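Turn these sequences into a full structure, and let the hints guide you.
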Amino acid sequence: MWDYTDKVKEHFLNPRNVGEITDADAVGEVGSLACGDALKLFIKLDENKERIVDAKFQTFGCGSAIASSSALTEMVKGKTLDEALEITNQQIADFLGGLPEEKMHCSVMGQEALEVAIAKYRGVDAPAHDHGHDHVETEGELVCKCFGLTDVFLKKVIASNKLTTAEQVTHFTKAGGACGGCIPKIKELIAEVMGEEKKTAAERPAKLTNLRKMQLIQETLENEVRPQLWADGGDLELIDIDGSNVQVAFRKACAGCASSGYTAKFVEQKLRELVSPDITVQEVQG
Amino acid sequence: MKEIYLDNNATTKVDERVFEEMRPYFCELYGNPSSMHFFGGQVQKKVDEARSRVASLLGALPDEIVFTACGTESDNAAIRSALEVFPEKRHIITSRVEHPAVLTQCRNLSKRGYRVTELNVDGNGQLDLAELERLVDEDTAIVSLMYANNETGVIFPIEEAAKIVKKKGALFHTDAVQAVGKIPLNMAESAIDMLSLSGHKLHAPKGVGVLYVRRGTPFRPMLVGGHQERGRRAGTENTASIIAMGKACELAEQYMADEAGRVREMRDRLERELTALIPNTRINGGGTDRLPNTVSIAMEFVEGEGILLLLSEKGICASSGSACTSGSLEPSHVLRAMGVPFTCAHGSIRFSLSRFTTDDDIDAVITELPPIISRLRSMSPFGREFLNK
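Protein sequences appear in the order of chains A and B.
When we follow full-length UniProt numbering, the leftmost residue of the first sequence carries the number 1, and every step to the right adds one.
When we follow full-length UniProt numbering, the leftmost residue of the second sequence carries the number 1, and every step to the right adds one.
Because the hints were derived from the structure by calculation, they are not lab data.
Here the structure is a predicted model, which is why all the values come from computation and not from measurement.
Please note that a few of the clues may not be correct.
Stated by the list, open to error - In silico DSS-like pairs for lysine-lysine, Cα to Cα no more than 25 Å straight-line:
1) B:K111 - A:K270
2) A:K252 - A:K265
3) A:K44 - A:K120
4) B:K166 - A:K7
5) B:K89 - A:K9
6) B:K111 - A:K265
7) B:K314 - A:K9
8) B:K111 - A:K185
9) A:K120 - A:K213
10) A:K187 - B:K111
11) A:K213 - B:K111
12) A:K185 - A:K156
13) A:K9 - A:K77
14) A:K252 - B:K111
15) B:K89 - A:K252
Claimed, not checked - Selected chain A positions facing chain B (Cβ under 10 Å, derived; list incomplete):
16) G31
17) A38
18) L39
Glycine included, each C-beta is placed from N, C-alpha and C at the ideal position.
Written out as structure tokens, the structure is:
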């Protein structure tokens, strides 16, 4: 069972501001049925169109999604639009006394709905996180196809919440949480964001040390090469590594196989692709 | 708050009679059954009695029963054993709706050079035996299919499947964790080679399981060490829990008629009344054979976690196929394999009954659930669109 704070439970059991505002000045909609959660936010401004006088929501989602929506509507009341835009997903979570990390995407959804609503009211393109069924142009390249999330949006969440692992990105945005196909891309985005932040810091040497190179060769053979040989009844053994020269001996069906030359080429290709382009593979008896 | 416990497919209450049976084997009769002295010997006798009781429930022979630590261990041991027995065979068949104890292991093996086929299921969660017959071949080492599904209660035609598999020379394993004690099984007239069960699903404690291994079925142990369990599972016996397991199986045999009668009637009433009182619902797997104690009900435009939390406020314990309760972000792999639309996969709730369930428990759900669903639908942007229609 999730470890929800008392405040999350209280806002889930007695949510504030549920419903619609029929003459709302701004409406923001994010998420979809397929995603498993969705939020429709209604905002009413005062006569001078400066401050938010009322906010209501409709939410399809889990307990923390409903609590986050309730918290958001309480937080924006009395604020100007610019002040409301300053609200971060972390502040929504803090208002509730914290959310389990796996549920942080609920607070992100609240913040997104708010941005979409205000952007639409102002007649500008919303920032690039209008996934789901909202009809605003998307910006950036689609990364997570399951939940419809773009690189621009993901990089923003990674940077503002200082995320360092793909798992955290999934907790905050859901990206990578369904088929998992985009997880490598998410890792690249994290590296990119971290790289941008590190540019001013000292550059680390990118050179592959001998030790790391040998480890990578072993890992690649274990995880990428041998399973493929097993599938055909073959196998190989790593005999030695001398600089960039990798010596292997073929076993089982591969031993004495007429096409072992091709197999050696395949191994070389894999190692060049995944470890270092200067690698050569040599077949030895051993 | 008194709990109304309708989550018996997750785990069950230890029957008081089972607990009484195991109690002396902690502080008083703590001997090691392998010891040569009288003090261990008397425990050995009780372990043997437990073995016979389990065998009796399954229609098996006592020496076909191997005690393990849990259903997951039994599943892992069965599959690994088959691969060791047939080192030259590299094909495994299972289904898309298996418990993770089987599915995760098969998917890991597929990364290690094994060819893994996951059979599809239809909209009722039912297997296509013709597909199995087409796919099993001389390269197949083992076919592992669950007896009954933990989420929907759907029962697979396991005997027919086992016969198809045996014709091709592969081993047949079934994860029967949810079926044992709920429906009658008879290994004496079966083609199943190996079958897993778990203690805590049938009113024994957590931490004990069984792997049935048919006489003559080649077997290689996963845990090696001492000679326990005739060399098929090393490690000092968990004597108290094994003795509890024996008692639980004896009781399960006595309660089989209760499952088929009283429990099924309560489940049917729950299903009937909920579908009548709550619009836009469907029963997952409703069109095929199911366990008498399980109902998985899909309700459109609501999300499962909210339902469970509100039920929990009323003391009602159930379970959901929703993404949000499991830590993953996709709704249950079982419901997705069945093609249950996203609109109701997120809002699927499972109630699972037991011999301890009463008519009052069922009444409580019938009273409490409909208002919870209308409340959540009225909060949902989709629920409102639907209600306004």
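Each hint, compared with the structure:
Using a Cα cut-off of 25 Å, the hinted pair K111 of chain B and K270 of chain A holds, with the two alpha carbons roughly 16 Å apart. At most 25 Å may separate the alpha-carbon atoms for a hinted pair to count; K252 of chain A and K265 of chain A meet this at roughly 18 Å. As the CA atoms of K44 of chain A and K120 of chain A are separated by approximately 13 Å, the hinted pair is consistent with the 25 Å bound. Proposed proximity of K166 of chain B and K7 of chain A is contradicted: the alpha carbons are some 58 Å apart, above 25 Å.
Restraint check for K89 of chain B and K9 of chain A: the C-alpha separation of about 53 Å exceeds 25 Å, so the hint is violated. For the hint linking K111 of chain B to K265 of chain A, the alpha-carbon distance of about 22 Å falls within 25 Å, and the restraint holds. Pair hint K314 of chain B plus K9 of chain A holds up; C-alpha atoms about 14 Å apart against a cutoff of 25 Å. For the hint pairing K111 of chain B with K185 of chain A, the CA-to-CA distance comes to about 21 Å; that is within 25 Å, so the pair holds.
A distance of roughly 52 Å separates the Cα atoms of K120 of chain A and K213 of chain A; the hinted pair therefore is violated under the 25 Å criterion. Restraint check: the Cα-Cα separation between K187 of chain A and K111 of chain B comes to about 22 Å, which is no more than 25 Å; the hinted pair holds. With a C-alpha separation of about 23 Å, the suggested pair K213 of chain A and K111 of chain B falls inside the 25 Å cut-off, and the hint holds. This hinted pair checks out: K185 of chain A and K156 of chain A have alpha carbons roughly 15 Å apart, not beyond 25 Å.
The suggested pairing of K9 of chain A with K77 of chain A holds, with an alpha-carbon distance near 21 Å, which does not exceed 25 Å. The suggested pairing of K252 of chain A with K111 of chain B holds, with an alpha-carbon distance near 19 Å, which does not exceed 25 Å. Among the hinted pairs, K89 of chain B with K252 of chain A is consistent with the structure: their alpha-carbon atoms are about 15 Å apart, no more than 25 Å. Contact between G31 of chain A and chain B, as hinted, is supported at the beta carbon level, the nearest pair being about 9 Å apart and thus within 10 Å.
Taking 10 Å as the C-beta cut-off, the interface hint given for A38 of chain A holds, the closest approach to chain B being about 6 Å. Among the interface hints, the one on L39 of chain A holds; its C-beta lies about 8 Å from the nearest C-beta in chain B, closer than the 10 Å criterion.
Against the hints set out earlier in the document, violations occur for numbers 4, 5, 9.
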